[in-house]
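**Q** Position chain B with the ligand against the provided structure of chain A, taking the given hints into account.
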Amino acid sequence: MPTLPFPQLLRQLPAGVATLEGPELRFGFVNEAMYSLVGADAAGQRIADHPGGLPQALLGVLAQVYATGQPYVAKACLCTPAPDAADCRYYDLALEPYRDEQERVAGLLLLAIDVSEQEATRQQAHELSLVTRRLDARLRVLTETAPLITYTLDAQGRCRYASPQWYRFTGQPPAADLTAIWPLLIHPDDRLRVLYEAAAARRSGTGWNYEYRLRRYDGQYRWMLSRALPEVHLPDPPVYWHGALTEVHDQRELADALRRGEAEVRFLADSIPELIWTASAEGFIDYYNHYTTDYSGLNKEDLGPTGWVGLLHPSEQAEGARRWIACVASGEPYEGEYRMRRHDGIYRWHIIRARQLADGPVLRWFGTCSDVHDQYLLRQVLQTQYDELARAHHDLDTFVYAASHDLRQPALNLRGLFDELRRTATFADPDQAQLLAMVDGALTQFDTTLHDLAVTVQTQRAQQDPAEVLDVGLILEEVVLGLQPQVLARQARLDIDVAAAPGLVYGRANLRSVVHNLVSNALKFSHPDRPPHIVLRSYLTPDGEPALEVRDNGLGMTLTDARNPVFQLFVRQHTHIEGTGVGLYLVQRIVRSHGGHVEVASTLGEGTTFTIFWTRPA
Amino acid sequence: MKHIVYISRAVHPLSDRELERLLQQCRRDNVLHGITGILFYSHGNIAQLFEGEPAIADTLFNRIAVDGRHSHVQKLIDKPITERSFADWSMAFHPIEPQGFAALQGFLLPHHVPPAPESLSIADALLVDLVRLAVFGADPSKPAH
Ligand SMILES: Cc1cc2nc3c(=O)[nH]c(=O)nc-3n(C[C@H](O)[C@H](O)[C@H](O)COP(=O)(O)O)c2cc1C
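For the record, the sequence lines run as chains A and B. Just add 5 to wherever you are in the first sequence, counting from 1, and you've got the working numbering. Just add 1 to wherever you are in the second sequence, counting from 1, and you've got the working numbering.
Please keep in mind that the hints were generated in silico from the structure rather than gathered at the bench. Be aware that one or more of the hints could be misleading.
[Said to hold, decoys possible] Heads up, simulated EDC-like pairs for lysine to aspartate or glutamate below, C-alpha to C-alpha not over 16 angstroms straight-line:
id : chain 1 : residue 1 : chain 2 : residue 2
1  : B       : Lys3      : B       : Glu84
2  : B       : Lys76     : A       : Asp291
3  : B       : Lys80     : A       : Asp307
4  : B       : Lys3      : A       : Asp307
5  : A       : Lys529    : A       : Glu611
6  : B       : Lys143    : B       : Glu98
7  : B       : Lys80     : A       : Glu306
8  : A       : Lys80     : A       : Glu26
9  : B       : Lys76     : A       : Glu306
10 : A       : Lys305    : B       : Asp140
11 : A       : Lys305    : A       : Asp275
12 : B       : Lys76     : A       : Glu287
13 : B       : Lys76     : A       : Asp119
14 : A       : Lys80     : A       : Asp119
[To be verified] Where chain A lies over chain B, by a calculated footprint (3+ residues, C-beta under 8 angstroms):
id : segment
15 : 23-29
16 : 129-137
What you are looking at is a predicted structure, and each value in this text was computed from that prediction instead of being measured. In this text, a Cβ means the ideal position worked out from N, Cα and C, and glycines have one as well.
Bound-form chain A, shown alone (with noise of 0.2 angstroms):
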């Protein structure tokens, strides 16, 4: 058996080794590991004098060591190697006498194992745990204080931990057995729903997302969010799953009354024979209700966010995407009457309105078309029928006033030769002079009526009588001055009274048809007891309205209804005066044709009081 070279062995050993012999402890056998600590050069030298980078803890108890015989051992001693050396390293040393033959302590044994390493890695790990205590402090205090449930599952299903959170919202106590609880509190609704979508997930090692009502301290069941993952570390399969619930019973509501709201409008929509659809801010149709496919005979699909337009008569389209578009750039309403396409290929007219509404910040187009076809076919053949009239009326107008002119001649023929056969021709029987009176009234009325009908029509003429500003004071003048035989016959009394209102924007024709009209009037049915009074006043409501007052102290006349009192044509008050009936329907005529209205108020044999409110209807 070959003898193993200990010597050798010794010196390539990878922990240091050193004797230090005799009671002064020189240094003997000193291995290459342990030049690092005390140098090459330590053997023979006493330690005390050579210490190297050997730690005082050590050199300190050298001696009791060599007395006691007990050995020494200490770890992971901080140790400078050399004076100048910048790193100091780590040894676990040991100090073990070894013996004489008489059993006496010859020296001691010095081992020392660089653990540097070790103790680097020691050391990082404390500092981690430090780390990983403040983290833990902080993680706790975040999952206790977010205003969220935070809590874990282990592989089984059984939940490992909850947040404070989650006792106060449930009002469960502390020592609550959760994985027992857990389920319960779940709605029964949705109870078998999360327990399966839990365990399926935790089979497959993923993660979950799904919402559920958990009832609340207070027995009401709240809708939460309830998201988690598993913590993975590859390859093993995961064991916990870390996950936070949410309360979203608000948002889930409104969600769900959105939801509804929109079902239900949708609904309604459907069930409306209109064609009804909504489109986007950006004026994208994404809504056709099932009538306007039925209308159209095209699916939703066919007609696409812009389709509609081209259910527009050709001549149309160009003009209905510029209008869209304008308005979706500016937001106005839309509104149009446009022929749209029938799936039968026939065009009937359509009202088509759209507007925004801003529901919320999301801002959409509702919009609706309404088959007018009727109406519009209806309001054409008015408006034929409307012209028809129009024409009629006027050449009727046209015929009376070329009657009544060319009655005239004839009629102011008869006059001569009446009033010739009164002058030459002797009549003797006083019935036969009643007759000629008679006679001469009938044809003076007959002429009166005559030259009436020929206004009437004129008037009606001058209806495009311009407006300007007139001086009422002055126009009011020139008729009474005009009246001038008729007022000195009755010695009748005229007051003029303008100040409250000098001015008035009408047409000159026509306020002097009015004025002229009701003055004469005033005159003719004047009370046989007295001269006539009539007071002429312009004035202006408490509204800034303009108005004429034409009051009298005549024979008044019974009113159906005086606020809106109505002459007709030919209609006569006092039959025992002569005159037309032409003249108050012709006032009437006027002043309504321009907006206005006239009132009358009377008490037979007092008078009577005409107020013409200019710009007022009745």
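**A** Below, chain B with the ligand alone, put in the same frame as chain A:
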């Protein structure tokens, strides 16, 4: 032949460099695949019309739809056409540094985009006008809206 119109939102505002790169890549690939059309970009708003053989157009749309540079891709129309309306493929946007872009093949300033081609149906022309309005606002000559 078919055409497809979509709108989308850029994930983050595209820089001049990114837009230029997109323009050049698309010009090259679209010539290769016989794709023509136009793309509008402004402030993260994107709209594009492109036309080509159905299989190629569908593939391209699927590729574009999953492109990470944008999201909320919403297809507005996808339907057969009888003829092309665009001679090539171009892109209209407001560069932050307009110098140099003018010379770029296929680049247009938004207010230089010609009106929707006559060959488009009235509904499709309206759609193009609306997406242009949605991307550039009522006044395309103004970069901001
Ligand atoms: C807004 C937008 C528009 C695009 N338009 C086109 C296009 O017209 N043609 C094209 O080839 N790629 C287009 N791309 C790029 C494609 O999405 C894709 O990146 C490109 O085709 C390269 O695909 P690949 O990386 O799978 O080869 C577009 C990308 C974006 C974000």
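**Q** CA of Lys80 (chain B) to CA of Asp307 (chain A), is that 16 angstroms or under?
**A** Within the cut-off at roughly 9 angstroms; holds.
**Q** Would the hint linking Lys76 (chain B) and Asp291 (chain A) be met if the CA-CA limit is 16 angstroms?
**A** Roughly 12 angstroms separates the two Cα atoms, so the pair holds.
**Q** Take the C-alpha atoms of Lys305 (chain A) and Asp140 (chain B), compute the straight-line distance between them, and say whether it is at most 16 angstroms.
**A** violated, 31 angstroms
**Q** Mind checking the alpha carbons of Lys76 (chain B) and Asp119 (chain A) for me, to see if they're no more than 16 angstroms apart?
**A** violated, 71 angstroms
**Q** Does the alpha-carbon distance linking Lys76 (chain B) and Glu287 (chain A) stay inside the 16 angstroms limit?
**A** Distance of about 14 angstroms is within 16 angstroms: holds.
**Q** Is Lys80 (chain B) close enough to Glu306 (chain A), meaning Cα to Cα at most 16 angstroms?
**A** Judged against 16 angstroms, a Cα distance of about 10 angstroms means the pair holds.
**Q** Lys3 (chain B) and Glu84 (chain B): Cα distance at most 16 angstroms?
**A** The given pair, whose Cα atoms are some 9 angstroms apart, holds under the 16 angstroms limit.
**Q** Is the hinted pair Lys305 (chain A) and Asp275 (chain A) satisfied, with a Cα-Cα distance of at most 16 angstroms?
**A** holds, 13 angstroms
**Q** Within the assertion that chain A covers the segment 129-137 of chain B, do at least three residues meet a Cβ-to-Cβ distance smaller than 8 angstroms?
**A** holds (count 5)
**Q** Does Asp119 (chain A) sit within 16 angstroms of Lys80 (chain A), going by the straight-line distance between their CA atoms?
**A** Answer holds: Lys80 (chain A) to Asp119 (chain A) is near 10 angstroms, not above 16 angstroms.
**Q** Does the structure keep Lys529 (chain A) and Glu611 (chain A) at a Cα separation of 16 angstroms or less?
**A** Judged against 16 angstroms, a Cα distance of about 15 angstroms means the pair holds.
**Q** For a C-alpha distance cap of 16 angstroms, please report whether Lys76 (chain B) and Glu306 (chain A) respect it.
**A** holds, 12 angstroms
The structure fails hints 8, 10, 13, 15 (numbered hints given earlier, in ascending order).
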